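Engineer: Listed below, chain by chain, are the residues.
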Amino acid sequence: MDLRYTAEEVAFREEMRTFFREKIPADIRRKGAEGHHATPEEMIQCQRIMNQHGLATPNWPVEWGGKDWSPMQRYIYTEEILAHDVPAPLPFNVHMVGPVIAFFGTEAQKKHFLPRIANIDDWWCQGFSEPGAGSDLANLKTRAVRDGDHYIINGQKTWTTLAQVADWCFVLARTNPEAAKPQQGISFILVDMKSPGITVRPIQLVDGGHEVNEVFFDDVRVPVENLVGEENRGWDCAKFLLANERSGIARVGTSKARLRRIRELARTVQLNGGTMWDSEQFRHKVAAVEIELKALEMTQLRVIANERARGGMPDPASSILKIKGSEIQQRTSELTLELAGPFALPFRDPEEELPEGTNDFTLGFGWADAAAPTYFNNRKVTIYGGSNEIQRNIIAKLVLGF
Amino acid sequence: MDFEFSDEQRLLRDSVDRLIGQAYDDLGHRKKMQATELGFSEELWGKYAELGLLALPFSEEEGGFGGGTVETMIVMEAVGRGLALEPFFASIILGGNLVRLGASAEQRAELIPQIADGSLRLAFAHTEPQARYDLNNVKTFAQRSGNGWVLEGDKSVVVHGDSATKLIVSARTSGNYNDSAGITLFLVDAGAPGLSRRGFPTQDGQRGAPVSLARVEVPESAVIGTVDRGGALIDRVGDIAIAALSAEAVGAMAALHALTMEYLKTRKQFGVTIGSFQVLQHRAVDMFTALEQARSMEYFAAMMATAEDARERRAAISGAKVQINNSARFIGQSAIQMHGGIGMTMEYRAGHYFKRLTMIESTFGDADHHMRLIDRAGGLLEA
Ligand SMILES: Cc1cc2nc3c(=O)[nH]c(=O)nc-3n(C[C@H](O)[C@H](O)[C@H](O)COP(=O)(O)OP(=O)(O)OC[C@H]3O[C@@H](n4cnc5c(N)ncnc54)[C@H](O)[C@@H]3O)c2cc1C
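If you read the sequences in order, they're chains A and B.
Our numbering puts the first residue of the first sequence at 1, with every later residue one more than the last.
Our numbering puts the first residue of the second sequence at 1, with every later residue one more than the last.
To be clear, the hints were calculated from the coordinates, so they are not data collected in a lab.
Small disclaimer: the values here were computed from a predicted structure and weren't measured.
All C-beta atoms in this analysis are idealised placements derived from N, C-alpha and C, irrespective of residue type, glycine included.
One should not assume that every hint holds.
Stated by the list, open to error - Taking CB as the label site, the calculated pair distances span:
{"#": "1", "chain 1": "A", "residue 1": "R267", "chain 2": "B", "residue 2": "D189", "range": "38 to 44 Å"}
{"#": "2", "chain 1": "A", "residue 1": "E230", "chain 2": "B", "residue 2": "K31", "range": "36 to 42 Å"}
{"#": "3", "chain 1": "A", "residue 1": "K294", "chain 2": "B", "residue 2": "S6", "range": "40 to 46 Å"}
{"#": "4", "chain 1": "B", "residue 1": "A214", "chain 2": "A", "residue 2": "R4", "range": "45 to 51 Å"}
{"#": "5", "chain 1": "B", "residue 1": "T273", "chain 2": "A", "residue 2": "E107", "range": "44 to 50 Å"}
{"#": "6", "chain 1": "B", "residue 1": "D375", "chain 2": "A", "residue 2": "E9", "range": "45 to 51 Å"}
{"#": "7", "chain 1": "A", "residue 1": "D218", "chain 2": "B", "residue 2": "D189", "range": "31 to 37 Å"}
{"#": "8", "chain 1": "A", "residue 1": "A317", "chain 2": "B", "residue 2": "T289", "range": "31 to 37 Å"}
{"#": "9", "chain 1": "B", "residue 1": "E4", "chain 2": "A", "residue 2": "D349", "range": "34 to 40 Å"}
{"#": "10", "chain 1": "B", "residue 1": "P193", "chain 2": "A", "residue 2": "K194", "range": "56 to 62 Å"}
{"#": "11", "chain 1": "B", "residue 1": "D375", "chain 2": "A", "residue 2": "K67", "range": "51 to 57 Å"}
Between the sequences and the hints, there should be enough to build the whole structure, so can you do that?
Structural biologist: See below:
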């Protein structure tokens, strides 16, 4: 047992660090550090830089532009992205639809879509959840009916992240309503968002941002060649995808970056003639989160090491990464909010561009006006990607054997 | 001990609930009001006046409603339940009580009728960038000049500071920036030359403004209370304000809990209502417990807000604020979590309660601040 990085791993980490520092524009990274979302244009710009250097899709099969990395290298790569506030490659593209097509798709689908997905020539969105199908995804009602060499899709998706900028959507739709089980009779279909019959309605979230949408399908015609895998076997694709989604969900790097920033910022916020960092109360709170985070990091490394032993199969214990990681992320957003204190009160419309050369809004703290919206928005991390209650159910069943 | 409301108090609760409940039933309407220049409905403000709410803290002899802390609590709970946008807290709880407890008989005779009929809206321009939650920390200063004073300084987060017609401004007239002694309060016209303010929407849909004072001249008659003695007045009104905020928070928490219960009993997943999952039931019970604990401390705060013994009052009010803050955070977070995605949207009430509760946490001191004060006051057991 040796818990230190090997010399190769250290060298690899340096390589990643240098790349992100030198190649990703500093202003985009600074914005991220201050808690402001990157714009879709900035996300595209960064993913293309990474793709040019073969670093957008390391998790893909090598023949489709992936890297033959060890789990540890992948982990280091992901953490360095987060730690440097680099907008990560679009997860819908590189962690969801890309791997599904690479694994289940036809040669023609791979040739056509994968390079475009990697380079984000097409922006993808995830059409899974419906008003009646959240945690109980298999209850989805959207219908795809075969009509010659087309499917005709009718129904409604919701919570569809950034559908307003998406070019394509991967949709779970019911192709056989008579199947014995709800999980059977579902198909995984690729839908061009420009197809007639699609309506996107924005949903405003509590932080004021436009991040999610309702998407309505009204007699949308989709060529059958856009079916991925077998008809009625879409649940296999969905399960494969959700397992991928869970990897990297601990976001240790994000939490580390936030905690570092909290330590810095606390020295600039005045308190009783000193600063917030003079407050033992506050320092202890920060330390408590740091301890949890260190434990999580070690747990994550253990899961990764175990993964190799399990021959690449995801460990059900990885659900604890989701639970702890999301809770810690939320704690860091609470600490930032507490630090901002009264300065978190002003609301700045996130859809409005910041004035050139400044993000210094009303009260003199550029970071403080993002504190409350980030805290509000981060409630989502324990809801999506399988809610934390669902993750606990998984552990109870698959790990503890209840 | 008597935890029951009197008939008059019940009547007050019913009429306030009806007024605010009806006005804010529709979130779309609230959003429209938010987008107006004032950020609230002037018409509704007029109805508050008709009901006598704007005269709430003043004595009947002075044309007031003669309400005490219990009546304040009743109205503020309704404000919390309704997510009301009107500047009741800023103008009546803060402004009204500063006038009631600080102003001279002559000033009261002039101001109270205007406050009561809604034509005069007050805001308390006090907090400064370096002060955080410390009520004695004032750098804005006032210097004598001829028959009056000249004010100079910056106030950071003045709640409803943009729609107020007059501001009560704290300024240092002697002592060090964080001395309790040496603070004086001044009544300043919002349109006074040298006073500038820039309104902004706040995270919870209300309004605020930073206020700058650049050589603002006021006459001697603008002083509220005694020169150099404003600190004690601010402390007293600050405690009344915390009791009022506690009530608003309880109103919001109770509504949010009820909303969550209703959702748990109607939302179906896996073929059953999600309320049938025991883990959610237990969390709902914990929310309920947090709510009841908060309500108890709300009552305690209402009782203690006017206590004469400063140390006892300090510990009690700070204790209430800590409990309120802790309950508010737990209930807010739990409600969103158990709603799932729908809890995260602006189209549904839960998120609005969550945001208001979050902002109440940092109004007049967060939990850490009040823990320090309780500690300094020697604990809460004797209070
Ligand atoms: C910001 C955001 C972005 C999203 N983006 C996308 C997207 O791009 N594409 C997409 O398809 N979906 C997306 N989602 C949807 C997300 O996956 C769902 O919100 C999630 O699956 C939960 O479903 P729900 O919101 O319907 O809540 P529900 O499933 O109704 O859950 C409500 C509550 O009940 C609990 N619960 C449910 N079942 C159980 C159980 N068996 N035991 C115990 N507790 C239970 C849940 O944990 C939760 O607390 C997004 C959601 C959010 C908030």
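Engineer: State for each hint whether it applies.
Structural biologist: Hint check:
Separated by about 40 Å at the C-beta atoms, R267/A and D189/B satisfy the suggested range of 38 to 44 Å. E230/A and K31/B have their C-beta atoms about 47 Å apart, which leaves the hinted 36 to 42 Å range violated. Between K294/A and S6/B the Cβ separation comes to about 57 Å, which falls outside the hinted range of 40 to 46 Å. Checking the proposed 45 to 51 Å range against A214/B and R4/A shows it is violated: the Cβ atoms sit about 60 Å from each other.
Under the hint 44 to 50 Å, the C-beta atoms of T273/B and E107/A, about 47 Å apart, fit the expected range. Between D375/B and E9/A, the C-beta spacing of about 47 Å keeps the proposed range 45 to 51 Å intact. In this structure the hint that D218/A and D189/B lie 31 to 37 Å apart at CB is violated, the actual value being about 59 Å. Range check, A317/A to T289/B: about 32 Å between beta-carbon atoms, so the 31 to 37 Å window is met.
Distance hint check for E4/B and D349/A: the Cβ-Cβ separation is about 46 Å, which falls outside the suggested range of 34 to 40 Å. Between P193/B and K194/A the Cβ separation comes to about 58 Å, which falls inside the hinted range of 56 to 62 Å. A hinted range of 51 to 57 Å holds for the C-beta pair D375/B and K67/A, which are about 55 Å apart.
In this structure, the earlier hints numbered 2, 3, 4, 7, 9 are contradicted, and the remaining ones agree with it.
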